[in-house]
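Novice: Each of the two chains sits in its own frame; use the hints to bring them together as a complex.
Now for the letters of each chain:
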Amino acid sequence: MTEEIMRVEGLIKHFFTKQGTVRAVDKVSFSIFKGETLGLVGESGSGKTTVAHTLIGIYEPTGGKAYFKDQSLEKDYSGRSKNLKKEIRIVFQDPGSSLNPRWSIKQILELPLKVHGTPVNRDQMKRITELLNMVELPPEEYLYKYPTTIGGGEKQMVAIARALATDPSFIALDEPTSALDVSIQAKIINLLIRLQKKFDLTYLFITHDLSLMRNMANRVAIMYLGKISEVAPTVDFFQKPLHPYTKMLLSSIPVISDDEEDLKPKKVISRGEIPSPVNIPPGCSFHLRCPEKMAVCSKIDPEMVEIEEGHTVRCHLYADG
Amino acid sequence: MAGKDMKSNRVYAKRVNISKSWYKFSRNPLSVLGLTVLIIIVLAAILAPYITPYPEHAGPYTNFPESGQPPNLRHFFGTDTVGRDVFSRVIFGYRFSLLLAVVVISLSVPLGIILGLIAGYTKRKWLEIGIMRITDIFLAVPPLVLALAITAMLSPKLLNQMMAISLMWWPWYCRLVYSVTSSLRNEYFVHDAELTGARKGFIMIRSILPNCVGPILTKITLDMGFVIILGASLSFIGLGVQPPKPGLGTMVADGAKRLPAEWWMTVFPALAIVLVILSFNLIGDGLRDMFAVEEI
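Note that the protein sequences, when read in sequence, are chains B and F.
In terms of our numbering, the first sequence opens at residue 1 and continues consecutively.
In terms of our numbering, the second sequence opens at residue 1001 and continues consecutively.
The shape of chain F in the complex, shown without the other chains (with noise of 0.2 Å):
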């Protein structure tokens, strides 16, 4: 039992988990081709400005003699109504779209997370009613309608769209994270942590939350959709990417008024908005399967 054959033990045992984990992800083989799609999507936004054929009409930029061309080999989703590339505009409304949910999921999960935790651990009761409840209120008012509320009270832009929707977000994380710690409070593993005389924090950051993982995971994907869809419908009413900024909701709406004629630049941006809402469900599915703890 030398030391070198333990580490190479743990090096081979950790491969194991994650070449199962992969294996399990990977059954599903529509989650693998979310997951392709969705790295491409994110690939194509990063590197935007290098691999779009106009770049610079992601901004304020016009050319009405190229206007309203219906997609052809030069301009592949058409020309919008100041001749603006559409699929250029396409790609650099992912970025908005994509920045907006990574940014709103990065605020509402952590805040989530430590007030689920804290409320379905602790042991004083005010304490737990008194985080539901509020969260609770939060749950009970209709996301958009807040969230229109909140962005038009301060001005219509994406960092405000960002924060109304955080705050929209945090509850269901704090919900599900709650329901899981107050079913695992009274499991003997979390009881023997405190036997051993292990530390709060500890025992909900490294004993319970691990067993959150799984469910917080599988909602993060889902909810990335869904934070887009809702930017997406605030930009669509005009709250949210600002022209001349390619938003993808902008970019719907500034179409529809142009439909059915000139249907290309209303339809490739809505695609673009399915294409990716998809890819993250997709990816949902599969990772709801690997994180299922086998049972013996």
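Just chain B, with the same shape it has in the complex (with noise of 0.2 Å):
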């Protein structure tokens, strides 16, 4: 088994609001290992974007433990080492926020290379054309524009740029296409791809969209309220899903032929919307809209099985082995 980069234990994050206790994240463990990308599936609120902010360092956990390496992520950034800050990186879900309006494309890679510094090469400008060239935008043309000049897909390479500019192992792809046109989806993901094999990077790649999944991950988790439910190899989980709700999920993509329908598992009809993380239902978070709830659902929350060698699934059908 490859060598694992970062540990996930019982995560805990909650936000306290007036409407009571947002348990976004409840309790997740997972593992990532070293030049793998694990996909982390969810429906929109499901907290997978909060997993992904709590262990790059935006938010400090409400509890459980995290381990980058061996180092603890349990504080929020400015609680953490600089050396962190260089291997843990991010790409955000909109490239138009997470961009300074106000700075050229030079100045938004100008300040991880500051702050840094560049061990290889000194000469910052040097490294900054070499960036831009890595994400396949003219140095010459990009380098003095600003990001409200450019496009959503340019502004997002300037982005995976921006992360990649501090030599980092770990990067949190937070959405990365899911505000750009179908076409530059495309190439994004070969970029990312592309990227991850010339430097071994190890991805945390959040989405909402299996398809893309399928392309990306090596390995997928699937959360469902502030919880995670399965977690398989990529394979696997579209060839034999377990739980209820990723059979629910997978029956949901869109297909253009039979063929492709034969290929999905029997179809089970989604229903329901995901209820509001300040008032999760007590036993199973799941069983108001599961298609197989039994009696035991409503009343225990069940725990996490390995079924098989890095296929486990949190599911009372499941319980006994």
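These aren't lab readings, by the way, just hints derived from the structure by calculation.
Keep in mind it's a predicted model, so treat the numbers as computed, not measured.
Positions of the beta carbon are idealized from the N, C-alpha and C atoms, including for glycine.
You may find that some hints are simply not true.
What the hints assert, rightly or not - These stretches of chain F come out as covered by chain B in the derived footprint (C-beta under 8 Å, 3 or more residues): (1) 1188–1195; (2) 1204–1213.
Unchecked claim - Below are the DSS-like pairs computed for lysine-lysine, each with C-alpha atoms no more than 25 Å apart in a straight line: (3) F/Lys1014 x B/Lys145; (4) B/Lys82 x F/Lys1200; (5) F/Lys1200 x B/Lys114; (6) B/Lys197 x B/Lys27; (7) F/Lys1200 x B/Lys106; (8) B/Lys75 x F/Lys1125; (9) B/Lys69 x B/Lys82; (10) B/Lys126 x F/Lys1125; (11) B/Lys126 x B/Lys197; (12) B/Lys106 x B/Lys126; (13) F/Lys1123 x B/Lys82; (14) B/Lys65 x F/Lys1123; (15) B/Lys75 x B/Lys86; (16) B/Lys145 x B/Lys187; (17) B/Lys86 x F/Lys1123; (18) B/Lys18 x F/Lys1125; (19) B/Lys106 x F/Lys1020.
Specialist: Following this line, the structure appears as structure tokens:
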């Protein structure tokens, strides 16, 4: 087995609001191995972005433990070492708000270089040129442009270059393509895959697009209401999904031909919507929408069980192994 | 990609940005008019001793035989009760008005910006609430009343008037910068700078402040006008520029006793106030258009 680069154990992130406690992330555990892409899938409001934001240090976790290599991630950015900030980077969902509209692209790429220095070559300009070339933006054309004058895909390329600037080993990709046109999505995804190979990067890839996940991820983790319900290698995930929620998600992928339809697991009608994380149902949080609901489901929250090597599920159907 | 190409590229990009800004500003012809008028006024005020026909009339000068003349070719705006040239005195009067506005803005704006950035950016709730409640207290008092009280308490002269108005003016900038900062505080680009490890000071001044420049500059141009009015009002009731120095407000007050027969003593200084305020306001409109970030 390859080296474990990040380990998350029972991570909790609650937000305390006037309406009550929002249990955005509730005892989430998973590991990420070096060089792989872990896909984190879930509906809007399932807490997948909160997981990423907590791991990279925007929020301080309410409880639980997380480690990057052997450094603890229990503080937010203000309490983290420079080395952690260099190693863990993020590409945000909305490239429109992740680039300062008053900074030229050169200034945007300069900041991480200023803060962390570039060990290999001292010449910042050379490094910036190199970064822009990496993301396939001709430097002579883009260096002095401002984010407001370039398109969404180009902005996301700059955001990727900015994440790469510190020569990180881990990048969280928070729905990097969801705000972009489909034609540009493919380009960004291909670029990310190429960069991963080239620099031996580890990705935490967050999306709600399952087809994208299939192309991108080695392993997939499904989140529902702040909890992980199933973790599986991508192939298993699509071929033998276990959790009823996973089945529901898979059968909701739109298909064009009958051949494709046959590839999918048996049709599960998706019903209901994700409940509010302020008011999480007792027992298994999915029981309100589950087609295979049993009496125990509304009382006891199931535990995570490993069915096969690397394939774990949190459901009473599999509780006895 | 030789270094030389890059450099000429940057110069070119800068030139493009400047000409683009100017284009946006100049799309509004009234703003260009306002700017032109203001430049003329400022130049006239600076060069007043050289360009006015009777520079000595700006001081303790009397020439009773010439007093009370209506506008004519020798005295464009007529003469006042002691025979001084109103035109020369108006030009000199601009010096005090503009000086007041510049001093007030340059004292109150930096103070307001610093406090607003801190209050908007800090995660310490007590600091944010503390700064903003003090700001609210200042905003609750009408500026004219407080400036009046302060100037009256100290001695009525231009310096005290400047300090009094500055004290009244920073809270507006504090609140403006606070509102922009606290909305930008959770933008991803600010988070990214934090996660990268930039210092707080850097984030506030280099990351957030450039995004406040538009509203601040627009407000400054409008406020120059307001400060001039406030200064003139204080001068009008005798709490500003002291005679024989020619404050525009003081001149209006002096001439008011002679209305309506000797109207020129009041109307021309008053028009001068209107003209400078109008030009500041027109410029403000143009700046607002110029700083609007174009959306794609």
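Novice: Hint by hint, work out which the structure violates, then give me just those numbers in ascending order.
Specialist: Violated hints: 6, 10; rest satisfied.
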